[in-house]
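Each protein sequence line maps, in turn, to chains E and S. Under UniProt numbering, the residue at position 223 of the first sequence is numbered 223, and the numbers go up by one with no gaps. Under UniProt numbering, the residue at position 277 of the second sequence is numbered 277, and the numbers go up by one with no gaps.
These aren't lab readings, by the way, just hints derived from the structure by calculation. Careful, some of the hints might be misleading.
Intra- or inter-copy, both count: the list cannot distinguish identical chains.
Below, a list of computed lysine-lysine pairs in the DSS-like style, where the Cα atoms sit at most 25 angstroms apart [to be verified]: (1) 218 - 180; (2) 148 - 344; (3) 148 - 373; (4) 19 - 398; (5) 148 - 345; (6) 373 - 6; (7) 373 - 46; (8) 243 - 76; (9) 132 - 297; (10) 345 - 132; (11) 373 - 398; (12) 23 - 373; (13) 280 - 297; (14) 76 - 180; (15) 345 - 373; (16) 280 - 373.
Protein chains: 2
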Amino acid sequence: MVEIRKPIQVAEAVERVMKHVHKLQTEVLPLEDTYGRVLAEPIVAKHDVPPFDRSPYDGFAIRAEDSTGASGDIRKAFRVIGEIGAGHVADRPIESGESFRIMTGALIPEQADAVVMLEQTVENDDGFTLRKSFEAGENISRQGEDAKQGEVLIEAGTVIHPGTIALLATFGYAEVRVAKRPIAGVLSTGTELLDVADELEPGKIRNSNGPMIRAQLKRMGITYTSYGMMEDDLDACTEIVEKALQETDLLITTGGVSVGDYDYLPVIYERLGAEVLFNKVAMRPGSVTTVAVLGDKLLFGLSGNPSACFTGFELFARPAIYSMMGCSAPYMPRIQAVLGEDFKKANPFTRFVRASWSMTNEGIVATPAGFNKSSAVSSIARGNCIIVLPSGTRGFEKGMVVDVLLLGTEQGVERWEL
Amino acid sequence: MVEIRKPIQVAEAVERVMKHVHKLQTEVLPLEDTYGRVLAEPIVAKHDVPPFDRSPYDGFAIRAEDSTGASGDIRKAFRVIGEIGAGHVADRPIESGESFRIMTGALIPEQADAVVMLEQTVENDDGFTLRKSFEAGENISRQGEDAKQGEVLIEAGTVIHPGTIALLATFGYAEVRVAKRPIAGVLSTGTELLDVADELEPGKIRNSNGPMIRAQLKRMGITYTSYGMMEDDLDACTEIVEKALQETDLLITTGGVSVGDYDYLPVIYERLGAEVLFNKVAMRPGSVTTVAVLGDKLLFGLSGNPSACFTGFELFARPAIYSMMGCSAPYMPRIQAVLGEDFKKANPFTRFVRASWSMTNEGIVATPAGFNKSSAVSSIARGNCIIVLPSGTRGFEKGMVVDVLLLGTEQGVERWEL
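Same shape as in the complex, but just chain E (with noise of 0.2 angstroms):
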């Protein structure tokens, strides 16, 4: 008799694997080792940014109060006593009808409260003269503007991006503390299976998920351990799942999932102890997908099908993946498109459907990225989204507004909303 396997819904599924999630350590970087990582720490401001009134442009400083009155017929006139170039610091302050020539960023000298920008002047011999008057703090970068200490402007558990770097490092953060990055294992099942550089034979083809999912978690800056591809021998699977959960903090094996005779993980699963937390998700492709969890390790059992392989991943590992790192906004960035073909294949499954998207005259349009079935590998290479067709017993026109997962964003969100 063939088990019969009640499926669970989406939601559900991603809502089990992230329940059963352990966060991983921290760890001190150099800020130069950063990029893509996960905050640990908040980014609280050491300092005001700016730290000292500034002046946004190359000019003079001077009292503003000196420029009461100036008119293009009472021009006011003002002594140049110095100049300060950025980085450096005025040696006295100005007094009345004084000014300092100033460069762009450099310290707004003492006395002073304003910014003559070069060309609001005409130039005399000891220095120039104004034709209209300035107010108290024109054309000054306040202390603090941008930011006052003590604020606290990141939260821990942000993925560091350029722009994080950019604030790290002006608060001198040359050390930061981030979260570890899990090493994942990576293994791929099936007696059909060929090594990439192999000659095709009858009945086989290449293992193409083991690199996919290399990538998949390379995209995400995570390391891996390949165990490589297993023929569908259940003592060797099972040595090497243990081995390889001994190894690493997380168990990615594609293949062997379904409830074929030569389906092993089920088996493993059982031998070792592991708790499936599901083994059928009401989706296409990918129903097969199997997540089970030991100790505080969670096993991903994605189809041998690439493309519900693909998916399986970017559905349940990666926020998994995520969130062990202490990120906040695991999942993937959802936007509503303009489906751009029919979608006649009505089912009782939510639908992942490998796609494209542009931008155009009539919005976002999202565009099904060719053949489209699980076993699909074309799709996968051709499209940059997945779009989530709800269950139901009617298919989809061109035109309809559809929700549409992005891929390869470094952007996240917090909530899964599908």
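Take the given structure of chain E and dock chain S to it, following the hints.
The following block gives chain S in isolation, referenced to the frame of chain E:
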């Protein structure tokens, strides 16, 4: 007198840069190392996918004609003569009334032309019976249904992502011809700059642009040589720029491009005989952004103001670098979004506002990421996109539809449209 520079439009500036891009050579890499690289050859289907008719399910392979006339009352019986696991091949064709038990992905045996799913059968001692008839081709994944031999599936000039790698693996591309990556030089100029590890001093700030630019390069997978920080010393700066140009494929400097007394980059370009493509762009921030070309090397003179520096990199350096690698979609993707709050400051120049987008019930909303002067650094850290506000005499109101450029996405677009 202050030098008066003539601003050019952003689109024109982008075009001038892109016209001066010199393509790099190509190299052959192991598949495993190609993530993020640009394909220098198209992916051509070296064989059909699937390479043979195969079973999409676990079931029984039969001759459809043997099931003709089957119904609840008239059951058709089949004898099971063996089993075909994935990766295995049947030892002989099937004859009338025979069947093979067959696993997902296994090659359909000769003379079989349909697959019966396990749950559609009633098993008996030497086989099973059917209560419905099957058509020829039913439940068979046809050879070539995903891709046909000789088909060009992915064009050269595409950035390699995990799906691309799956496809390359499928066709046995153990080695892949990709574009070489440029080596970028990064040099920060400004006497006001302290190192990240330094204590603050009056009038000085820490160098945030250098680490930020290096992270922007890292995000693109580009390696770099850092030439550190230089004080505003013309001869020393000239020497280091010359050295950098010998050692790298392009040079990115920050600071020193304005018209101030210590803005030496214009003088250095002149000394070296570099052709300045523009030194004033009708944009905020970053109007002083300067790009020059010497031989086949581009010199990006970015503003020393962090927000201007960041934006200048993404607008000009990023597409140029992708284009050096032959990438056909080098520009940041653009979407449209609803402006999340008023932005009242009108400007005669196009304004690029660091912002954060998210999906809401009102659609995609993009909201400025706080303090937005060109010197701002906190907004770069908070932002995940850039709102583009066209030049004009009016401000913009919450709820208006605006263009948004997405940051940190794998995907690019072919045309600069703003």
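Against the structure, the hints:
no.: 1; hint: 218 - 180; verdict: both (15 angstroms within a copy, 19 angstroms between copies)
no.: 2; hint: 148 - 344; verdict: between (56 angstroms within a copy, 24 angstroms between copies)
no.: 3; hint: 148 - 373; verdict: between (55 angstroms within a copy, 16 angstroms between copies)
no.: 4; hint: 19 - 398; verdict: neither (37 angstroms within a copy, 38 angstroms between copies)
no.: 5; hint: 148 - 345; verdict: between (56 angstroms within a copy, 23 angstroms between copies)
no.: 6; hint: 373 - 6; verdict: within (22 angstroms within a copy, 56 angstroms between copies)
no.: 7; hint: 373 - 46; verdict: between (54 angstroms within a copy, 20 angstroms between copies)
no.: 8; hint: 243 - 76; verdict: neither (83 angstroms within a copy, 48 angstroms between copies)
no.: 9; hint: 132 - 297; verdict: neither (71 angstroms within a copy, 46 angstroms between copies)
no.: 10; hint: 345 - 132; verdict: between (72 angstroms within a copy, 23 angstroms between copies)
no.: 11; hint: 373 - 398; verdict: within (19 angstroms within a copy, 43 angstroms between copies)
no.: 12; hint: 23 - 373; verdict: neither (35 angstroms within a copy, 38 angstroms between copies)
no.: 13; hint: 280 - 297; verdict: within (20 angstroms within a copy, 56 angstroms between copies)
no.: 14; hint: 76 - 180; verdict: neither (62 angstroms within a copy, 61 angstroms between copies)
no.: 15; hint: 345 - 373; verdict: within (11 angstroms within a copy, 51 angstroms between copies)
no.: 16; hint: 280 - 373; verdict: within (18 angstroms within a copy, 52 angstroms between copies)
The earlier numbered hints that this structure contradicts are 4, 8, 9, 12 and 14.
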